[in-house]
Amino acid sequence: MIAALARRPRFSLPGITAIMVKELRGRMRGRRAFVSVTIYTLIVAGFAWMVGRIIEESVRQNFGFSPQYQSASIGRGIFVALMFLQTLMISVLAPASTAGTISGERERQTLDLLAVTPISSVAIVVGKLLSALTWVFILILASVPVSALVFVYGGVAPDDLLRGYVLLFVTAIAFGALGMFFSALIRRSGAATGLTFVSVIVATVGLTFIWVFLRVSEANNLDANTLAQRRPPEALLYLNPWVSQADVACGAEGGSGSWCSVIAEVTGANQVFAQPVQGGVIAPGAAGNCFSDGTTTTCKAVAIDGGGIPAPAPAVGNDLVVNDVISGPESLRDRFWPRSALTMLLIALGLTAASVQLVTPTRRWRPSLPGFLRRLRPRRSA
Amino acid sequence: MTAIVSTQGLVKRYDRTLAVAGVDLEIEEGEIFGLVGPNGAGKTTTLRILATLLEPTAGEAEVAGWSLARNPNEVRRVLGFMPDVFGVYDDMRVWEYLDFFGRCYGLSAPARKRIIGDLLELVDLADKRDTYVQGLSRGMQQRLCLAHALVHDPKVLLLDEPASGLDPRARVELRELLRELRVLGKTILISSHILPELEELCTSVAIVDRGRVLASGRIADIEKRLRVGAVLRARVIAEGEELEAARAWFSGQAEVASAAILPDGQVELGFRGDEIETAALLRDAIASGLRIASFSRAASDLEELFLQVTGQDEVPVQEAVA
Numbered sequence: 005m006i007a008a009l010a011r012r013p014r015f016s017l018p019g020i021t022a023i024m025v026k027e028l029r030g031r032m033r034g035r036r037a038f039v040s041v042t043i044y045t046l047i048v049a050g051f052a053w054m055v056g057r058i059i060e061e062s063v064r065q066n067f068g069f070s071p072q073y074q075s076a077s078i079g080r081g082i083f084v085a086l087m088f089l090q091t092l093m094i095s096v097l098a099p100a101s102t103a104g105t106i107s108g109e110r111e112r113q114t115l116d117l118l119a120v121t122p123i124s125s126v127a128i129v130v131g132k133l134l135s136a137l138t139w140v141f142i143l144i145l146a147s148v149p150v151s152a153l154v155f156v157y158g159g160v161a162p163d164d165l166l167r168g169y170v171l172l173f174v175t176a177i178a179f180g181a182l183g184m185f186f187s188a189l190i191r192r193s194g195a196a197t198g199l200t201f202v203s204v205i206v207a208t209v210g211l212t213f214i215w216v217f218l219r220v221s222e223a224n225n226l227d228a229n230t231l232a233q234r235r236p237p238e239a240l241l242y243l244n245p246w247v248s249q250a251d252v253a254c255g256a257e258g259g260s261g262s263w264c265s266v267i268a269e270v271t272g273a274n275q276v277f278a279q280p281v282q283g284g285v286i287a288p289g290a291a292g293n294c295f296s297d298g299t300t301t302t303c304k305a306v307a308i309d310g311g312g313i314p315a316p317a318p319a320v321g322n323d324l325v326v327n328d329v330i331s332g333p334e335s336l337r338d339r340f341w342p343r344s345a346l347t348m349l350l351i352a353l354g355l356t357a358a359s360v361q362l363v364t365p366t367r368r369w370r371p372s373l374p375g376f377l378r379r380l381r382p383r384r385s386a
Numbered sequence: 007m008t009a010i011v012s013t014q015g016l017v018k019r020y021d022r023t024l025a026v027a028g029v030d031l032e033i034e035e036g037e038i039f040g041l042v043g044p045n046g047a048g049k050t051t052t053l054r055i056l057a058t059l060l061e062p063t064a065g066e067a068e069v070a071g072w073s074l075a076r077n078p079n080e081v082r083r084v085l086g087f088m089p090d091v092f093g094v095y096d097d098m099r100v101w102e103y104l105d106f107f108g109r110c111y112g113l114s115a116p117a118r119k120r121i122i123g124d125l126l127e128l129v130d131l132a133d134k135r136d137t138y139v140q141g142l143s144r145g146m147q148q149r150l151c152l153a154h155a156l157v158h159d160p161k162v163l164l165l166d167e168p169a170s171g172l173d174p175r176a177r178v179e180l181r182e183l184l185r186e187l188r189v190l191g192k193t194i195l196i197s198s199h200i201l202p203e204l205e206e207l208c209t210s211v212a213i214v215d216r217g218r219v220l221a222s223g224r225i226a227d228i229e230k231r232l233r234v235g236a237v238l239r240a241r242v243i244a245e246g247e248e249l250e251a252a253r254a255w256f257s258g259q260a261e262v263a264s265a266a267i268l269p270d271g272q273v274e275l276g277f278r279g280d281e282i283e284t285a286a287l288l289r290d291a292i293a294s295g296l297r298i299a300s301f302s303r304a305a306s307d308l309e310e311l312f313l314q315v316t317g318q319d320e321v322p323v324q325e326a327v328a
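Chains as they are written, first to last, in my numbering: chain E, 5 to 386; chain V, 7 to 328.
Accuracy of the hints is not assured; some may be wrong.
[Said to hold, decoys possible] Distance ranges between label pairs, derived from CB positions:
#1 V:T23 <-> E:Q361: 21 to 27 Å
#2 E:R35 <-> V:R19: 38 to 44 Å
#3 E:A146 <-> V:L190: 46 to 52 Å
[What the hints assert, rightly or not] Derived contacts from chain V toward chain E, CB cut-off under 8 Å, selection only:
#4 A57
#5 N79
#6 E102
#7 F106
#8 R109
#9 G112
Source of the hints: derived by calculation from the structure; they are not laboratory data. Here a beta-carbon is modelled for each residue, glycine too, at the ideal position from N, C-alpha and C.
Okay, chain E solo, but in the shape it has when bound:
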């Protein structure tokens, strides 16, 4: 057994290297890579600056006090906006960079030249996916310094940033694998790219819309046993990276806040506000906006509707020194995004395996495509 393994040379790794060297040579040649990284970083930085200005102005106008008191929420706002924007850009760039890879080889009639070499279909698909993703990863990493500027404002912990970036990478891998799959399935790059984007929109917007529809239509349909509202399965939202980023934002809010209410809505968990305690009594009207300098904790009084806190709230915006903050019994941190990320990675794995099958010329398994798709793959003449 071991002798057999030793005798047969393994070529998948050199094969992957060969494909990656070739692909990256093409992608990184000349000024193209430099220009695209620059443009990407400029967009991210410009957007971050504008979002920062918008939040500062809205704080000044709506709350009537100097924005520096709201530094943390400005930082958080910029962070969330950056992650949302990058998720959007990655959702476009990752599939676009993979959707033409295999079909492009077919169109240029170079796939046969590859298929007669000993490199495996696995090496072809994985090599192409990795090199396409390398390019996207470089863009993502180039934005790290810009994103790190939110630490100047505060309100975001380094591990929040890490979570956000992990999700960006997962998004790139999943949507990249999707583009790869269509590229292997459909002979024409244009059609493959089109179908990839349609699929991305269906997976994100479409499934989310269905979730919202089900949520609304079942809102009054209570569970017979628990009398709780029935919720559509949260799995419908696993392919929507923005919901996952909302979960990361919820983590940055410390487990309670406006993004957390989104996650509470999705997961059905009860959102319990972090409750400031003042002299043994729960401080009224000051939930979720507390800062600690180590000895004293100050909470901003904010208006809470339906918080169940009966005492008259202090004037909004006033500082309230509290002795302690007890977090809610159920922190909403990390409730959603790890499952979503795992689902996306598993789907990426499945799509990659399917792509390998489709690239193998002498495969036994052939999908029978519906007619409208079959027309996109003109039959090879004998």
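Model the placement of chain V on the given structure of chain E, informed by the hints.
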């Protein structure tokens, strides 16, 4: 000598059509073997099966002792393939193109460097080393594609219509190149529907039509076996009645089926004999006092063979020759 490529009963069926219907081939080491047939005869399908790009519906094939079905990867290592239509990558220099395929075969960096230099010399592209591949002419791309099929020093080369789309000069260059490769000990399997290009090159041919091998072996052997007729043309230095007398003389000879005077004054003969009898006819003609300025076979042997063999079903032999 043992066969380096052999197929037994290869069949490839697409949904409705039978592209290859039981092909048996035996190709010996060091041969240049021509696969001749009209478009759609199954040449490309056969080559693609041998190149491990298609799985045969039935039948078996071996290349250099490796079974296509059981050891496709070993087959790929001893095989170089040049498809009939092939593309080139954009955005790649000539040396990068060869380097890429060298990596695909797991060659080490120094080996790649040496081989790329050698191959570019061989296909006469050494001065195009840093040119972008898409900037090469069609003939140069063809030669580059041939070079790529040689990076791993394969024993067997499969060339599908290698000369299609080439101008005459490029065609001659390609032919010289293939001769050189044969000297290097490669076995070359080459398909074409353009017959003269194979005739000068091939040691053996197989004539295929509608997925079947109709005849195979050395060209002379096939010819002998089939007793194929030939068209001979003689330029006799004579005019008027003298020329008519020459025609009459020819038509009275054995194995001459017909004799006619062409508008340009040549005498055209339908001849059933083989080469020895052709020589005898010429000797007799000279002995009988005819002044013969030229004497040759009109059509290419292979072309004739081909028409005869492929036309056997519907076209009578004589018609096919005429």
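Evaluated hints:
Judged by the Cβ atoms, the range 21 to 27 Å given for T23 (chain V) and Q361 (chain E) holds: they are separated by roughly 25 Å. Against the hinted window of 38 to 44 Å, the Cβ-Cβ separation of R35 (chain E) and R19 (chain V) comes to about 51 Å, which falls outside the hint. Distance hint check: the CB atoms of A146 (chain E) and L190 (chain V) are about 50 Å apart, consistent with the given range 46 to 52 Å. Because the beta carbon of A57 (chain V) sits about 5 Å from the nearest beta carbon in chain E, less than 8 Å, this interface hint is met.
Here the hint on N79 (chain V) is kept, as its CB sits about 5 Å from the closest CB of chain E, short of 8 Å. The closest approach between the C-beta of E102 (chain V) and any C-beta of chain E is roughly 6 Å, which is under the 8 Å cut-off, so the hint is satisfied. Checking F106 (chain V) against chain E by beta carbon gives a least distance of about 4 Å; that is within 8 Å, so the hint holds. Because the smallest distance between the Cβ of R109 (chain V) and any Cβ of chain E comes to about 3 Å, under 8 Å, the interface hint for this residue holds.
Given hint, G112 (chain V) at the interface with chain E, holds; its Cβ is 5 Å from that chain's nearest Cβ, closer than 8 Å.
Hint 2 alone, counting from the list given before, is not met by this structure.
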